[in-house]
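Let chain A serve as the given structure and place chains B and C on it in line with the hints.
Protein chains in written order, with this note's numbering: chain A, 1 to 277; chain B, 1 to 333; chain C, 1 to 525.
Be a bit skeptical, because a hint or two may be false.
Using C-beta positions, here's what the derived DEER-type ranges look like [to be verified]:
| no. | chain 1 | residue 1 | chain 2 | residue 2 | range |
| --- | --- | --- | --- | --- | --- |
| 1 | A | Val25 | C | Gln481 | 55 to 61 Å |
| 2 | C | Glu110 | B | Val74 | 43 to 49 Å |
| 3 | B | Trp172 | C | Ser326 | 44 to 50 Å |
Distance condition first, Cα-Cα at most 25 Å in a straight line; then the derived BS3-like pairs of lysine-lysine [said to hold, decoys possible]:
| no. | chain 1 | residue 1 | chain 2 | residue 2 |
| --- | --- | --- | --- | --- |
| 4 | C | Lys183 | C | Lys118 |
| 5 | B | Lys64 | C | Lys441 |
| 6 | C | Lys407 | C | Lys441 |
| 7 | B | Lys64 | C | Lys180 |
Derived from the structure by calculation, the hints contain no laboratory data. Just so you know, these numbers come straight off a predicted model, no measurement behind them. All C-beta atoms in this analysis are idealised placements derived from N, C-alpha and C, irrespective of residue type, glycine included.
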Amino acid sequence: METVRAFLRHPSGMIGLVLLLVVVVVAIIAPMVFPVSPWEMVGAPFTPPGEDGLWLGGDTLGRDVAAGVAYGARVSLLIGIASALAAMAIGVVIGAISGYFGGKVDLVLMRMTELFQTIPAFVLAILLVATFNPSLLTIILTIGAVSWPPLARLTRAEFLRLRHREFVEAALCQGERTWRIVLGHILPNAISPILVVTSLTVATAILLESALSFMGLGDPNLMSWGFMIGAGRTVIRNAWWMSVFPGLAILLTVLAINLFGEGLSDVLNPRVSRRRS
Amino acid sequence: MTPLGSAAAIGLQAISRIAQLVAVILVIATFNFVLVRAAPGDPAQVMAGQSGASDPKLLDDLRKEYGLDKPYFVQLVSHLGRVVRLDLGYSYRQRRPVVDLILERLPATLLLTVTAFCLALVIGTALGALAGLAAGSVLDTVFTVLSLVLYATPVFWLGLMLVLVFSVTLGWLPPFGYETINVQLSPIEHALDIMKHMIMPVTSLAAIYLAIYARLMRSSIIEVAQQDFIKTARAKGLSGTRIVVGHMLRNALVPVVTVAGMQAGALVGGAVVIETVFAWPGLGRLTFEALLQRDYPVLLGIFLILSIVVIALNLLTDLVYRLIDPRMTTGAA
Amino acid sequence: MNRREFTKAMLACGAAIPFGITRAAGQTRGGTLNTIIQPEPPVLVTALNQQQPTLTLGGKIYEGLLKYGADLKPMPGMAQSWEISPDGLTYTFKLFPGITFHDGKPMTSEDVVFSCMKLLVETHPRARQNFSRVASAEAPDPLTVVFKLKQPFAPFIGCFDCTSAPIVPKHIYDGTDYRKNPKNDKAIGTGPFKLKEWVRGSHVHLVRHDGYYLKDQPYLDEIVYRVIPDAASRALALENGTVQLVQWSDVEFYDVQRFKAQKNLEFTTKGYEYFAPHQWLEMNNRIAPMNDKRFRQAVMHLIDREAFSKRVYFGNAKVATGPISSKTRFYDPNVKRYEFSVDKAKALLDDMGLKPGANGKRAEIKYIVPPYGESYQRAGEFFRQSFARVGIDLVLVGTDMAGWAEKVGNWDYEMTQNLLYQLGDPALGVARTYISSNIKKGILFSNTQGYSNPEVDKLFDEAAITLDAARRQELYSKVQQILVEDVPVAWTLEIEYPIIYDKAFKNIVTTGIGSHETFGSVYKS
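The shape of chain A in the complex, shown without the other chains (with noise of 0.2 Å):
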């Protein structure tokens, strides 16, 4: 309850919820607002903003531009939370087992961890979605696979951290099973920052999907923003409403992400927050 109150009197963190609420409100009614799909012609092509019911413009093949990024708003989101949800997994894993085990166990996932780091993640996740071909699910594991890294660090770091507190000795003391300690004592204690970074993390997932899509890998069934600009980059001269609108969904919504994330940062771990500057 504290949190909470700490939280509604941190003003931009405040500014991104309230942001980040209109965007998923925007996400649920889509289809009442449009009821038809964003994929239908509906207008002439290239109708420009406003006219012919067309708020937002329509595009090359006469879609509504408003409906797309309504819609997108949907795509984005479940590739953004889905994809952060999957870094999650792979960075808690690894970095439990490198930051309790440590030693040789340690010395390599980090050496890994750092390799992931350093290696050019967009290029990987070009390569990777290429290779097995765009769709929802290999999307979604994509990035989930180039954005692990931090969240494996922040864990081992963590990890490290409560390792040898009493309560840890305690349980090992008592015989208890690795896996319940860890998921038992040492997790639970761990999980505030690693979920604000999560929640950073999503922010950068949607950025790589919308440049995924963006470069013609996104799901060919899915309306996303990024695809969208991509299909108003060649023709920016006839219609610019094409590009601008979608981009300007993108910045409010990672724009909200981030300053949520940070309050909740702020609010939650002081000590991560000024870490992490």
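Just chains B and C now, with coordinates in the frame of chain A:
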């Protein structure tokens, strides 16, 4: 530590870094190998498909040429052997060795990324330092909001918006490409022409990193300002400028350079998208073309080469690190 | 054959007078034509690679024995005249005297025989088909080539243009590994232009071949093909005059309208008659529900092809009525017409028992998007919306080129889109898609959908060996009626690629091969 000892330490470290580089190349090459094998479809089929025709004879030839009939381990070893000899395979779509294609495009990418990197680092730290020194002022607030917005902007979209404003609407800058084609120019005019084409791609690529470095620098400066040695310096009566330049900036830069080095990979990834937006004839556009045609040998080669570039940039930041913070003897803390 | 007979034969072929070429008095020598090549071709030797950019560029370097007009009738190329024996088995070509390769060596009938019978059958799939019909090819004297066919084949005379049978130098290729010949980089042909310089990723510079056999030709001094991979940059280059000619898909369809209005530019859709790109929605006839004729007919009804042309191709396409393009020979407009009607489509689907289920859906079908660029992507999206109107879910599946080729070639698909050239004669470019003898697993551009109809087979077979044009028309009309009723594939559009060029240039489009032509007669006024 004696100068000799320190030189030996640096030499040792250089050797260990190079060993690390070789290890990384081998790991990535192995990963590439696994990826091609894990991908759906027979690699020979894929290569034959890329050659535009597929008949049994071609498939057999390809299997022999690439040793696909041999055990996996033997294949992996010969693959690594080829990589070490800089043989990254053959692009059947372009009918040229992959390494030629990549080396041809590498300079343009380096020009773009290195320029953007330097600009972002210099301007970002300068702005961040200014904001940090004037923490709480209007300038600081404006600046914080701006960097937050930039941080949330997709790089490719920023590029497109620049095109929309400066090329489509105002007509000031060339929207795409590396140089004006089909005109005779003196070397100086040519250089100016390339610079004009560089403005927008470099700006869009540098913007987000500028924001990141500036934010880091700002908080770093604020943190350093509260530390004891600065207070001591003030107590000793050193002038404000000397404190800022000699002590604060130098110390505040350390975390910025660390992060800059770590983000070299992201910068190169951003270059791939930016080159697509601006039709910049570097590796990014090669990636895009290879992507459209699913030219896997080229994609894998680009991945390997870019990884090497990133690691080289990491080494570079290590050197910079040493320059600004002589106390550091080992790169890894 | 005596001289009189020979002259008569020449006249009969209409061979002596090249037509379609402006014979203006003031044809000036000199000038540079800047144009675009995209994507950059892997090689320039058209005998080794037949992708469109290779053919466009290589067409200036390599010449064929014949050219074909917009009506697809043969015109002299390197052969000044030709004769077909009445039984349709013997083809005799007389070459122009004084033809030389770019390395200075003379081109003789020996080179023609070598090219057609030895090299092309190895390296050129289309030529392999054509010249496999030849029983013997001889070079009785340096200027005469005689082909004897195993059996009559009416379109054989249509197999000699620079894209189907480019002539290469025997002295360079004979006895070598053709694909790895080091001289491939030099690209030595007999065309009016020769390769001066190829800067990869930048441009290909062609200059006048001074030893060209036609008097005064070529008129231009040089042609520069610029490599401009980005569509927006290409459009800009045409707009500001950096390039003076664009062809095929150099400028995107949505930009074409803009250039039509630009005063200094000439716009035409002529020059593609030989290819007549014909596009369709391909349905695997082996799988339900596509194995039911009524389903395929419903597909014809449910796609608004006028709107399809307008939205996806920005009007640069004409609605196709059946298997043969209206741009080519033996087209018959008198076939069953499938107007856009969702109701008729629904009725046909109901009739075959494919009724909507509880969720309102009739079926779910996977559609493989061909990986050839944005318009294919848009087309898939258009089809998906069209099918949705009758309750059929079209699920788009993205893939790479190898994947597409493997899936379609091996019949492992439900629906996709395809585009084939008609190649001047239904026996060459149309029959291959529908005859059951061409159901060949693993081979692209064959009868991949698996349509089989003995009557259609018989008609196509007979038409191929019939020499009388009127009789052929009869047979092809019949075939068109049957196919349009059966709908083996859902024909959508005849794509009309533009050629846009600076008005200062004349004779850009003189034949049905358009921008692939040699450009020897192109001049700048």
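Between the alpha carbons of B/Lys64 and C/Lys441, is the straight-line distance 25 Å or under? 24 Å, holds
Restraint check for B/Lys64 with C/Lys180, where alpha carbons must lie at most 25 Å apart: 17 Å, holds
Hint says 44 to 50 Å; check whether the CB-CB distance for B/Trp172 and C/Ser326 agrees. 47 Å, holds
Hinted pair C/Lys183 and C/Lys118, Cα distance within 25 Å: Judged against 25 Å, a Cα distance of about 18 Å means the pair holds.
Hint says 55 to 61 Å; check whether the CB-CB distance for A/Val25 and C/Gln481 agrees. 58 Å, holds
Given the hint that C/Lys407 pairs with C/Lys441, test it: the Cα-Cα distance must not exceed 25 Å. 10 Å, holds
Measuring from beta carbon to beta carbon, are C/Glu110 and B/Val74 in 43 to 49 Å? Holds - the Cβ-Cβ distance for C/Glu110 and B/Val74, about 48 Å, lies within 43 to 49 Å.
Hint violations for this structure: none, all hints satisfied.
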